[in-house]
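Chemist: Residues per chain are reported as follows:
2 protein chains.
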Amino acid sequence: MREVAVIGIGQTRVEEQWEKSLRELAGDAALAALHNSGLDRVHAVYVGNMMSGSANLQQHLGAYIADWIGMRYAEGLRIEAACSSGAATFRSAVMAVASGQVDSALAVGVEKMTDSPSAEITAELATAADADWEAAQGLSFVALNALIMRRYMYEYGWKKEDFAAFSINAHANAVHNSFARFHEPITLEGYQKAGMVADPINLLDASAIGDGAAAAILVPLEYVQANRGIPLVKVAASAAATDSIAIDQRHDPLWLKAAEISGKKAYAQAGLSPQEIDLFELHDAFSIMAALSLEANGFAERGQGPRLANDGEITPAGRIPIATRGGLKARGHPVGATGMYQIVEVVQQLRGEATGTQVENARIGMAQNIGGSGSNIITHILQAI
Amino acid sequence: MREVAVIGIGQTRVEEQWEKSLRELAGDAALAALHNSGLDRVHAVYVGNMMSGSANLQQHLGAYIADWIGMRYAEGLRIEAACSSGAATFRSAVMAVASGQVDSALAVGVEKMTDSPSAEITAELATAADADWEAAQGLSFVALNALIMRRYMYEYGWKKEDFAAFSINAHANAVHNSFARFHEPITLEGYQKAGMVADPINLLDASAIGDGAAAAILVPLEYVQANRGIPLVKVAASAAATDSIAIDQRHDPLWLKAAEISGKKAYAQAGLSPQEIDLFELHDAFSIMAALSLEANGFAERGQGPRLANDGEITPAGRIPIATRGGLKARGHPVGATGMYQIVEVVQQLRGEATGTQVENARIGMAQNIGGSGSNIITHILQAI
Numbered sequence: 001m002r003e004v005a006v007i008g009i010g011q012t013r014v015e016e017q018w019e020k021s022l023r024e025l026a027g028d029a030a031l032a033a034l035h036n037s038g039l040d041r042v043h044a045v046y047v048g049n050m051m052s053g054s055a056n057l058q059q060h061l062g063a064y065i066a067d068w069i070g071m072r073y074a075e076g077l078r079i080e081a082a083c084s085s086g087a088a089t090f091r092s093a094v095m096a097v098a099s100g101q102v103d104s105a106l107a108v109g110v111e112k113m114t115d116s117p118s119a120e121i122t123a124e125l126a127t128a129a130d131a132d133w134e135a136a137q138g139l140s141f142v143a144l145n146a147l148i149m150r151r152y153m154y155e156y157g158w159k160k161e162d163f164a165a166f167s168i169n170a171h172a173n174a175v176h177n178s179f180a181r182f183h184e185p186i187t188l189e190g191y192q193k194a195g196m197v198a199d200p201i202n203l204l205d206a207s208a209i210g211d212g213a214a215a216a217i218l219v220p221l222e223y224v225q226a227n228r229g230i231p232l233v234k235v236a237a238s239a240a241a242t243d244s245i246a247i248d249q250r251h252d253p254l255w256l257k258a259a260e261i262s263g264k265k266a267y268a269q270a271g272l273s274p275q276e277i278d279l280f281e282l283h284d285a286f287s288i289m290a291a292l293s294l295e296a297n298g299f300a301e302r303g304q305g306p307r308l309a310n311d312g313e314i315t316p317a318g319r320i321p322i323a324t325r326g327g328l329k330a331r332g333h334p335v336g337a338t339g340m341y342q343i344v345e346v347v348q349q350l351r352g353e354a355t356g357t358q359v360e361n362a363r364i365g366m367a368q369n370i371g372g373s374g375s376n377i378i379t380h381i382l383q384a385i
Numbered sequence: 001m002r003e004v005a006v007i008g009i010g011q012t013r014v015e016e017q018w019e020k021s022l023r024e025l026a027g028d029a030a031l032a033a034l035h036n037s038g039l040d041r042v043h044a045v046y047v048g049n050m051m052s053g054s055a056n057l058q059q060h061l062g063a064y065i066a067d068w069i070g071m072r073y074a075e076g077l078r079i080e081a082a083c084s085s086g087a088a089t090f091r092s093a094v095m096a097v098a099s100g101q102v103d104s105a106l107a108v109g110v111e112k113m114t115d116s117p118s119a120e121i122t123a124e125l126a127t128a129a130d131a132d133w134e135a136a137q138g139l140s141f142v143a144l145n146a147l148i149m150r151r152y153m154y155e156y157g158w159k160k161e162d163f164a165a166f167s168i169n170a171h172a173n174a175v176h177n178s179f180a181r182f183h184e185p186i187t188l189e190g191y192q193k194a195g196m197v198a199d200p201i202n203l204l205d206a207s208a209i210g211d212g213a214a215a216a217i218l219v220p221l222e223y224v225q226a227n228r229g230i231p232l233v234k235v236a237a238s239a240a241a242t243d244s245i246a247i248d249q250r251h252d253p254l255w256l257k258a259a260e261i262s263g264k265k266a267y268a269q270a271g272l273s274p275q276e277i278d279l280f281e282l283h284d285a286f287s288i289m290a291a292l293s294l295e296a297n298g299f300a301e302r303g304q305g306p307r308l309a310n311d312g313e314i315t316p317a318g319r320i321p322i323a324t325r326g327g328l329k330a331r332g333h334p335v336g337a338t339g340m341y342q343i344v345e346v347v348q349q350l351r352g353e354a355t356g357t358q359v360e361n362a363r364i365g366m367a368q369n370i371g372g373s374g375s376n377i378i379t380h381i382l383q384a385i
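Respectively, the protein sequence lines represent chains A and B. Each residue of the first sequence is one higher than the last, beginning at 1 in the numbering used here. Each residue of the second sequence is one higher than the last, beginning at 1 in the numbering used here.
Honestly, the hints are just simulated from the structure, not real lab data. In this text, a Cβ means the ideal position worked out from N, Cα and C, and glycines have one as well.
Straight-line alpha carbon distances no greater than 16 Å define the calculated EDC-like cross-link-like pairs of lysine to aspartate or glutamate that follow:
1) Lys193(B) - Asp162(B)
2) Lys265(A) - Asp103(B)
3) Lys20(A) - Asp132(B)
4) Lys160(A) - Glu189(A)
5) Lys234(B) - Glu222(B)
6) Lys193(B) - Glu161(B)
7) Lys265(B) - Asp103(A)
8) Lys20(B) - Asp132(A)
9) Lys193(A) - Glu161(A)
So the derived label-pair ranges between C-beta atoms look like this:
10) Tyr156(A) - Pro231(B): 55 to 65 Å
11) Glu120(B) - Trp133(A): 20 to 30 Å
12) Gln225(A) - Ala268(B): 19 to 29 Å
13) Pro231(A) - Gln137(B): 48 to 58 Å
14) Asp40(B) - Pro220(A): 33 to 43 Å
15) Glu353(A) - Gln137(B): 41 to 51 Å
16) His251(B) - Asp199(A): 57 to 67 Å
17) Ala123(B) - Glu353(A): 36 to 46 Å
18) Asp252(B) - Gly100(A): 23 to 33 Å
19) Ser273(B) - His35(A): 33 to 43 Å
20) Ala317(B) - His35(A): 47 to 57 Å
21) Asp40(B) - His183(A): 45 to 55 Å
22) Pro220(A) - His251(B): 30 to 40 Å
23) Ile230(B) - Met1(A): 21 to 31 Å
Make the full structure from the sequences, and use the hints.
Modeler: Okay, here's the thing in structure tokens:
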């Protein structure tokens, strides 16, 4: 297996992009990543996207985006794993390059949600849940997460405001990220006053959707010769695991088993323990998911995720910085692109380019992207060398 | 790069499967492939599918199918490349195993089209065309292919009935394939009387959609020890290329450039020439596509595809047998599954299991799956060893 390096990154700001089409969004991030890499061509174009078939009436995004960015005749395909489509795409690109079949790959995640002709984003998101056993019962994604959060509060005795620290950290970090959707810090008071979406999840527990694209260029590590004045980033680990889609089918709805499995696999591949991770871009689609992710990956004891946040250990200066560029909460969550934003942000940290929220001496960063309510979890560890 | 073997295959009959859900269909093919392989577990589940998000209100098929077949916690994702989703899935599984990241993979293509709640299959298929430049103008897939066929007849002087031999061969072969949608041979007279769909494409030029699933199990070749009494099949080549999605953007709408590129790459990887291919499962979604595929892959001169068919060279006893189990035309074309049916059928031939249409001494078989009207073309060469 060839080792793989990430030599270019690009992203668009997460917002309502009324004036850009799906291909323009993906193209902007892809061409930025290409420019950043110094390459002018790639052999393969992997596109992560969840809902373009219904929201944009366009599938077949591999060929579609490849041609748009001037890579006609390159190979191309689209990868979908609900909200983990971005990381699934990065993993596919990693394996393609590692296999020797592909010598350079673009992985780009894109989602254009806010001008869906159907405007039925909530229903479209529900296609990531179990159509027969969840969606057909009227359960939206925020409702599913509300059930988990309510049970978690009951089991471990946390109060609602104990989760505020996750959102406050995310918004504080996003202030410094020009690509983030929100640039306003929030307070505990603001959190307490935020409107309820699905009790106990309020507006400031939930990530915002948006339009956006993020991209990376991958090549075999052995091909990277000159030091271009920035730290070189290699993929130290890539791992994935699934769980049941329907939450009622799980042995324990308060434990992200797929995160534990893919996290342990990733630690083993990289030869690292959680203590050696300098920052962790986790999947804070809802604040409860941030807590569960910290626990399943070995950063907090079971039921103790909120303690880390309240002790200030998740800030850029803390023991395990999370959502360092705003996370899903404040950078925004354009679903099929999110996993690629996480990769881009970890690379920024490892290169020392995370203006305003740079984690000191960051050398090892982890990104973990979740599809569904914990049913597909993909973990990457990147390392500066 | 590790070499990859196909050790199990499974499929369902292509038909209107009113009594089976999407997951049951995929599960039936997947479990048949597992049983055929002798394994009871795989590490990764790759699902090829185009339209489940709209037709079945279910995305996230990697986790969904993995759990259904008892592979909870395996990794899983879905791959989409329009009608080439099946081969894209097989190629992703090949690269995953070759990379060393995955030690056993299930590749399953599935499509459940006939009970789409929207019943707007034609519109859903059009999401594989360019939404802005083709679909929005009202061009369906059959209309796009009709434009190509009309131009081809004009340029090279073929008459409509010159294409009948493709359909007659496909239907004659499908008679012997219990998994095919149709089991009735057709005649030139029947072809001439068939109702017109989009002039010059009639009902017997066009493949039928349907519900179906086909699957294969892949492992590193080095892991395969005992000879289980059937020839072992290895992946000798895997290659892919794109072209513009919109046909008007192509340099030559009568030449499948992406087939030429991926075909040449595949021949080079396998160290073979077209003369050494014993059978060719090509993408005869429309008879014009069969002609263009034979030309772009070096089996016929430019503009001379129909001659091979009319000379009887495409039958199981001919120089280059195609559609040996019925092809898209008569086995049926459940879009996201088709590429996996092609793989299954090539393996059947190489194992000597192609009852009724066995190609004598078949040792090397090629499968080529096309997405869009030639915009994504993926080629595999399998070899019995």
